[in-house]
Each structure stands twice: as structure tokens, then as C-alpha cells.
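In order, the protein sequences belong to chains G and H. Residues in the first sequence are numbered consecutively from 1, following this note's numbering. Residues in the second sequence are numbered consecutively from 85, following this note's numbering.
By construction, these hints were calculated from the structure, which means they are not laboratory data. Glycine residues also receive a C-beta, built at the ideal position from the N, C-alpha and C atoms. One or more of the hints may lead you astray.
To be verified - Distance condition first, Cα-Cα at most 27 Å in a straight line; then the derived DSS-like pairs of lysine-lysine: (1) K185/H x K67/G; (2) K177/H x K59/G; (3) K210/H x K59/G; (4) K185/H x K59/G.
As the list claims (entries may be wrong) - Taking beta-carbon pairs under 7 Å as the criterion, some of the chain G residues facing chain H (in silico): (5) E14; (6) L16; (7) N17; (8) L38; (9) G39; (10) D44; (11) L46.
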Amino acid sequence: MSDLRETLKEQIIEQLNLEDLTPADITNEGPLFGDDGLGLDSIDALEFIVLLESNYNIKIADPSEGKEIFHSVDSLAAYIEKNQ
Amino acid sequence: MKLVASCKISNQGVFLNSKLVPNTKSTETNWKKELYTKTGVTYPKFYKMDALAKLAFLSYSYLDKALKTESYADNDIALLFANAASSKTTDLKYIESYKEKGSPSPSLFVYTLPNILTGELSILNKWYGENVFFIEEKFDPEFYLEQINFYFSKGAKGVLAGWVESNDTNEECFLFFVENNGNELTIEELTNLYKS
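So that you can see chain H by itself, here it is in the shape it has in the complex (with noise of 0.2 Å):
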């Protein structure tokens, strides 16, 4: 399993393989919003999106500069993301929606689960492998190995893994992609990379 690419963001600023990315640390309320003018992408489906699948979005959108995908089919590459609160943030949004203004919202529906996330970014690259989205106490790199060569025995050969938070008190994302070959990445590297 070899470690392609990593990328962590938050309003600290993007860190692609452990380097800061400059001129992205923001302490703006949405910084997301400044984060996303800086790609230079054009999704305007970004704005619908809640803030886990922006977040998401975001991370790819900069990690994606450090990968070549171009190269796998559209079945080669499997998703395994991961985060500890679900949709929460989305969840009461959605519950207010109905308690207080009086009419549940569709647009809030689609994210009460998080892996729309996953659908956003397969569709944004018109991946057609597995994915699949866990609810974890935390970030658990022995967890995430054991799921990474689950898919590699079953025939994927890259995958991209991520874990993804919002809620009122920590908005990050952490990205990671591996192929299908070369050294092992262990379990303190993996760590490491989460936490640097």
C-alpha cells in the first residue's frame, strides 16, 4: 500500500502533504467560501452543499492537484470515509426546518446522510467504484488499513479515504489516497499524517 497523497484542511489552511498551502489560512466565518474561490474551480453545486460534503469537496478539490487519477478505470478507485458526529450539524438543521418554520426542507434532506459526500465526489469524477461511510468514535488508522486492504483483496486498486468533521466546535477534513502497490504504510505514519 503506497501513500500517494495526503491533505488536511480546516481555517488553520490547507496542508497538502504536510505543507502548508499558501495564503489558505483564514479566520473568516467562511473561509470555506474564500477556500473555494482560491481552487479556481467552477461547481456551483458547491453552494448547496452542507458543510461536511464542502469540506469534503474542498480537501479533493486541492489533493487532486498531487494525484493522477486519469490513469484508473471508473471502477478502479473506492471511497472509505469516516467521521464521529454523521450529519449531525445537517440533522438539526433539517429538524428545525420542519419544528420552527413549519415546512421540512428537501434541500436539507438529501444531506441528512453524510455519504452524500461520497455520491458528490463520484459523480464529480464519474467513479463508479465502492464507498462506503463510517461513524467512528475517531480517527483510527488501524481501522482505515484493515478497510484499505479489504478493498485492495477485493480489486481496487487505489482508494481514497478521508475523514470528515463539522460541528460547532471542529471543522476539518483529511484526506489521504494509496495505491495498490509498493511499501506499507503503517499505522504510526498514518497517525503522523493525521496529525501533522
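Chain G on its own, in the form it takes in the complex (with noise of 0.2 Å):
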């Protein structure tokens, strides 16, 4: 399942416009929100909510799962192995 983990790397990149990032930079444990990880915030939650829809036809039931599911590039692989 490693593939999926680095295509979600690369549409994380594309999807919320860090150009200046490659998935090398992006690990898969690794917190995504916060100062801690990559400083993403609210704004970008609403991207990954386009980000599931768009690509794994995935809607957030209930959102607050949110900060659970995209905590990581590993909690959003399981979301989404689970939920297709």
C-alpha cells in the first residue's frame, strides 16, 4: 500500500499548491497540521476534503473525524482504505 501513500504525497502537494515541497519532503507519520508538521490549518482541511472527493470519491461523513483522518499521510492511506 505504499503506492497509495505516495500518490496522496504527490496530490497533497498539488492539490494544496506547496510547490516548493516534493513528496521525499513529506513523511508518512508525520504530522500534517500544525508547526510541528507541515503548518497546515483549517483552510487546508477544506482541501482535503476536496482532495477525498475528487480523487477517492469519498465524502466526510462527519466532520469531526477531520482532524483524525488527516492527521497524517498514514491516517489518511487507512481512511481511505477503508472507506472504497
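Two chains, two frames, a set of hints: combine them into the complex.
Encoded structure:
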């Protein structure tokens, strides 16, 4: 399933316009949000919702789940694998 | 009005007080990322910024090495920025996001106003003073000096001023910091600083 994680990293860079980052700059397990991660914030959470809908046809039923789902590439991949 | 320091950056390098900082000239397309790495600053939000905000952030990161702003109160410093093209580059990307890709991008929308960069610098430094971003045809030293004196008349003790531009043919940022004391900075001196 590592391919999904690599694909996700490319999609995150594209969707969030992180043009100076490469997939190698993003770890599987590291936090995506906050200053300990990629510095993402609530605006970027909206981008993740669009990313999941447009690329994986997944709609998040409960927005309160977002924090857990969008924590890392690993958590995003796990959610996609579970819901596809 | 005393000039404290200035910084100009482009892919031709970083010029701090008109002197080239070694190893800052680059031919790479991702030269801003190279510069960010060289600053030694850890600020993950850098990667989220559009080109205009990155230019201002990078230029300030170098200028900051020549400043001592800790002695100012939170609302003592005003920010005065301008450029000719506003946020045009990001505006076009935002239009593309909903016309070509089918979904308006929230992360691009945030940067469809150029004054987001003054907000970035204010948040970074926890400054609460006045800030403004003008659209001007070109860098106009006389305009800057008039506006800076206006800020001083309203109580500002220091002004961080800048001209920052990002378009298909030109990416540059010129910052200078002035204090409300000392000798008068002249139009000619400011013109020469910008051109140097």
C-alpha cells in the first residue's frame, strides 16, 4: 500500500499548492497540521475534503472526524483503504 | 527618518545593505526554497505561502539579522508595502482552480489579496501596528517617504517598507526599515538603494 501513500503525497502537494515541496519532504507518519508538521491549518482541511471527494469519491460524513483522518499521510491512507 | 537597514532579494542573490550575501545567487527555478533552507529559519508555513509572501518572508528573514526590533512595543512598527501587479499571479491560479480543475481552491483564495503578506509578517513578529499594501505603477521613493512620514506623525516609531513583485518575468523584493529619528532619508538615497 506504499504506492497509495506516495500518490497521496503528490496529490497533497498539487491540491494544496505546496510547489516548493517534494514527496520526499513529507513523511508517512509525521503530522500534516501545525508547526510540528507542514504548518497546515483549517483552510487546508477544506482542501483535504476536496482531495478525497475528487480523487477517491469519498465524502466525510462527520466533519469532527477530520482532525484524526487528516493527521498524517498514514491516517489519510488508512481512511481511504477502509472507505473505498 | 533614519535608515536602519535594507535588503533586496531576487534570483541574483540577497543584497543586505547593498552587499551580496555569499552563496545566495541561484539559477534554479526553486531558488526561493534554496534561500529558505539557507536562512536556517524553521517556519513550515513558508511552504504554504504564494510567491509574493515567500519573497517578503525571505527578504525579512535576512533583513532581520540587521535589525533590533525587540526594543519596540507591539504597536510601534508600521508596515508599508506596494507593488504593481497586486496578487495577479495567484489570482490567475485561483481562476484556473475553478475553471480548469472544477473546484475553487481555498488555499489559493487566501492569497488573492497581496496584503496577506503584511499579515504573515505581523503574525510572525507579533506586531500590532498599522499596515497597508498599495498598488503603484512602479517603485516611487517620494511616495514611500510621504507615507512613512504620515505613519510617524501618527505615532509609529519604526516602519518596515517594501516593494515586492512576482510575475512571469520578475520576482524581487526590496525591504527597508526606518526609524523616527536621525538624518532625513532623501529621495535620491532611497532611489539608489532600490537600484543597487
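Practice prompt. Hint by hint, work out which the structure violates, then give me just those numbers in ascending order.
Written response: 3, 5
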